[in-house]
Amino acid sequence: MTSNSSSATPLLEVANVSKSFTMHLHGGARRDVLRAISFTAAPGEVVTLGGPSGAGKSSLLKMIHGDYHCPDGAIRIRHDDGVTDLASAAPRRILALRRHVIGYVSQFLRVIPRVSTLDVVAAAGREGGLAPDVASERARTLLTMLNVPGHLWALPPATFSGGEQQRVNIARGLIAPRPLLLLDEPTASLDARNRAVVVELIREKQRAGAAIVGIFHDEDVRDAVATRIVDVTRFAPAA
Amino acid sequence: MSGLHDQDEVPLLAVRGLAKYYGARRGCANVSFDLHQGEVLAIVGESGSGKSTLLNLIAAELEPDAGSVAYRLRSGETRDLFGMGEAERRLLFRTDWGFVRQDAAQGLRMGVSAGGNVGERLMMTGARCYGDIRATAGDWLERVEIDPRRIDDGPRQFSGGMRQRLQIARNLVTRPRLVLMDEPTSGLDVSVQARLLDLIRNLVAELGLAVIIVTHDLAVARLLSHRMMVMKGGAVIEEGLTDRVLDDPQHPYSQLLVSSVLAA
Amino acid sequence: MNPTSYEPASGYNFAYLDEQTKRMIRRAILKAIAIPGYQVPFASREMPMPYGWGTGGVQVTAAILGPQDVLKVIDQGSDDTTNAVSIRNFFRKTAGVAVTTRTADASIIQTRHRIPETQLSAGQVLVYQVPIPEPLRFLEPRETETRKLHALGEYGLMYVKLYEDIARNGHIATTYAYPVEVAGRYVMDPSPIPKFDNPRMHDMAALQLFGAGREKRIYAVPPHTSVRSLDFTDHPFTPQVFTEPCALCAARGVYLDEVILDDRGQRMFVCSDTDFCEERRASGHRGHLLGEAPAALSGQPAQQEAC
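These protein sequence lines are chains Y, H and P, in that order.
Using this note's numbering, the first residue of the first sequence is number 37, and each one after it goes up by one.
Using this note's numbering, the first residue of the second sequence is number 1357, and each one after it goes up by one.
Using this note's numbering, the first residue of the third sequence is number 11, and each one after it goes up by one.
Heads up, some of the hints might be wrong.
Simulated restraints on C-beta separations [claimed, not checked]:
(1) L191(Y) - E1501(H): 35 to 45 Å
(2) G275(P) - S1515(H): 16 to 26 Å
(3) S1424(H) - R157(P): 21 to 31 Å
Straight-line Cα separation of at most 25 Å, SDA-like style, residue types lysine to any residue; simulated pairs [claimed, not checked]:
(4) K171(P) - L1528(H)
(5) K158(P) - F1438(H)
(6) K226(P) - Q129(P)
(7) K205(P) - Y186(P)
(8) K158(P) - L1447(H)
(9) K205(P) - T154(P)
(10) K171(P) - F247(P)
(11) K158(P) - E1539(H)
(12) K171(P) - T1451(H)
(13) K171(P) - S1515(H)
(14) K158(P) - E1442(H)
(15) K103(P) - I142(P)
Think of the hints as simulated: they come from the structure by calculation, not from any bench.
Remember, it's a predicted structure, so these values are computed and weren't measured experimentally.
Think of the CB as a built atom: it goes at the ideal place given N, C-alpha and C, for glycine as much as any other residue.
Kindly generate the complete structure, drawing on both the sequences and the hints.
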């Protein structure tokens, strides 16, 4: 299926992607997750992956981010230089795409110990091509918007509550201006006030022309941002 | 350093078909990879997997039985390490390469002050002004978070973590482009490890270093490396983007390694 | 002491060593001269004296000594210390060569720790006794590695040594065995001569040979070879400077030994080169303490040692 509700050229094209895991430590048991999924995301779109948990939504995001192998099908990403198929791209290429094209907010914050919160966020901005002073400024703005108290900025986020960590994670994922954004349950552990902030941030990115693919557990968040829903269960392997 | 436009750039290091046998036992065999400027490659595996053999071959401390290691010099010319004269290779290693060793006693001159340790490469490459050498050494001590007032103390007066940081300063003082690291954090307390890893990460990014780091610690690989190779029995059994090898390992042995780590 | 020849003792080959051994040592010497500053290994023989007493220098002297040679032996500048006397007696006994204390009269001068003050001339040979020939030993104990460093001309380590010196003492505190670079290539240990003597090795008209018996190495500085003391641009090499003249002969610009005269700390500075000092006094130079100096130091003629 290659439904495309937007007239713009898609920035992301997922074509016939299947995924299964072979667990060699468990007698080579094979778990099929997705079969022949296809969809696109164009600039200005917020494509929401729908389906119950375990349907392979997170796996799909991880494949688009390059964390999971993509043995079947193609994940084509358009950028200044042309189109790269992430399924077959060299690691170097994927890393370059992550720096310049693909932004990702994972479910859990994974950072090095000892680095301050402000620096965790600013460093992500610098990696995404922001000048150091711009990155610091933007990090402050985002942390303020996301209600991370100022007295925490100098501390490493490892000791923060789940919600605080998640907000730091969002700031980190959104700081750099990247044309493709992958959001994996960004609002899962947030209260209503912060959910609203995240919704606003997503809309801002959308208005700026980003193509966004997200998984949103909260129906109200999904309804607020989604321009299209791709139901992943339709691509679940036959039992 | 790393736009989307540099895909065709010549790699800094090109390893092809590298092999070493200890009698009938395979040290490592058929190892090939490219390393580009600014890339960090982790080589992981258990003891005896061949990762240290591979590192020592790349450092020309062992003679390979087969294969080549080509390096792109600052001049732009690419040369085979084993085709170079020893004098030229040693000059290359003490200017454009670094080697941070697991055992600081092997990577440092234990009887020489911190300043002398850091200044050695400068003096080896013709620096003849004491004041300049000392000032540069002091700067580098500061960069690796050693109090410059300890410039005249010897490594024996330093803790394990400080010794490793001193090794790093000693290696980086000539601004090398490639640094080899052999288990640089093992044997250190966890908190000391974290600090060292953070320091290495920052220096690597700041200086655009290419790094080959040998480690048995997957967390170290995750934190520092862009790519990784998993070795077993002298062979590379899986390689790729670090996140991908760790999050979606394909080979049974990689799966075993990843699943054996206690998640923190 | 004027040159005089002696009958050699019977039962010894000329100058003790057999001719094959002398040839072997001469080959090493020739190689050493051909590669200034390079340490040539040689098959050092057991000598009838302990290591540390100049077995290397003695073997070099024995290998180059001919019946017509006139030999002078000094230790710390002095002709009449035990070591110098023994070696001089050794060659007088085994080779019957003429011996002298006068620098100008000697064709071969074996020395420990000094270069004579009198300028040496073409045709003379200065043989140094060397305890540790390897200047890099201080920082690099592996012989395989030091050889490689010499071969590749990697002398950064020498500077690390000087750096450490300055870091510890505020200046280069090495005052003897101060490393030199020979003919722009090899770095060499000049043997434990005071650094005062270093500049005098440079462009010397005489041939300089170095023998290390225990370490089995011979090296050489051919006549008129450049010898440069290593240093830093901001800590340049400086030889020792003595403010006062020799108390006995009033010589200036020479290397002086401090002599303690009594239990109350009375002391005087006198020439370390005894022959030089005596000659000056013989030609009428008088130092300010000449009258008060003990007989052993002052104008008394050096005792003729018995055979």
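> Can the restraint linking K226(P) and Q129(P) be considered satisfied, given a maximum Cα separation of 25 Å?
Replying inline: 29 Å, violated
> For the pair supplied as a hint, K158(P) and E1442(H), is the alpha-carbon distance within the 25 Å limit?
Replying inline: The hint holds at about 10 Å.
> Can the restraint linking K158(P) and F1438(H) be considered satisfied, given a maximum Cα separation of 25 Å?
Replying inline: Given pair K158(P), F1438(H) holds - Cα atoms ~18 Å apart, limit 25 Å.
>> K205(P) and Y186(P) were given as a pair; does the straight-line alpha-carbon distance stay at or below 25 Å?
In response: Answer holds: K205(P) to Y186(P) is near 5 Å, not above 25 Å.
> Are K158(P) and E1539(H) close enough, with their CA atoms no more than 25 Å apart?
Replying inline: 28 Å, violated
> Going straight from one Cα to the other, do K171(P) and F247(P) come out at no more than 25 Å?
Replying inline: 14 Å, holds
> Does the hinted range 35 to 45 Å hold for L191(Y) and E1501(H) at CB?
Replying inline: With a Cβ separation near 19 Å, L191(Y) and E1501(H) fall outside 35 to 45 Å, so the hint is violated.
> Does the hinted range 16 to 26 Å hold for G275(P) and S1515(H) at CB?
Replying inline: 47 Å, violated
> Between K171(P) and S1515(H), is the straight-line Cα distance small enough, at 25 Å or below?
Replying inline: Roughly 24 Å between the alpha carbons, so the hint for K171(P) and S1515(H) holds.
> Could one say that the CB atoms of S1424(H) and R157(P) fall in the range 21 to 31 Å?
Replying inline: Holds, since S1424(H) and R157(P) (Cβ atoms, about 28 Å apart) stay within the stated range.
>> Check whether the Cα positions of K158(P) and L1447(H) lie no farther apart than 25 Å.
In response: Holds, at about 13 Å.
>> K205(P) and T154(P) were given as a pair; does the straight-line alpha-carbon distance stay at or below 25 Å?
In response: 28 Å, violated
Checked against the numbered hints above, the structure breaks hints 1, 2, 6, 9, 11 and 15 and satisfies the rest.
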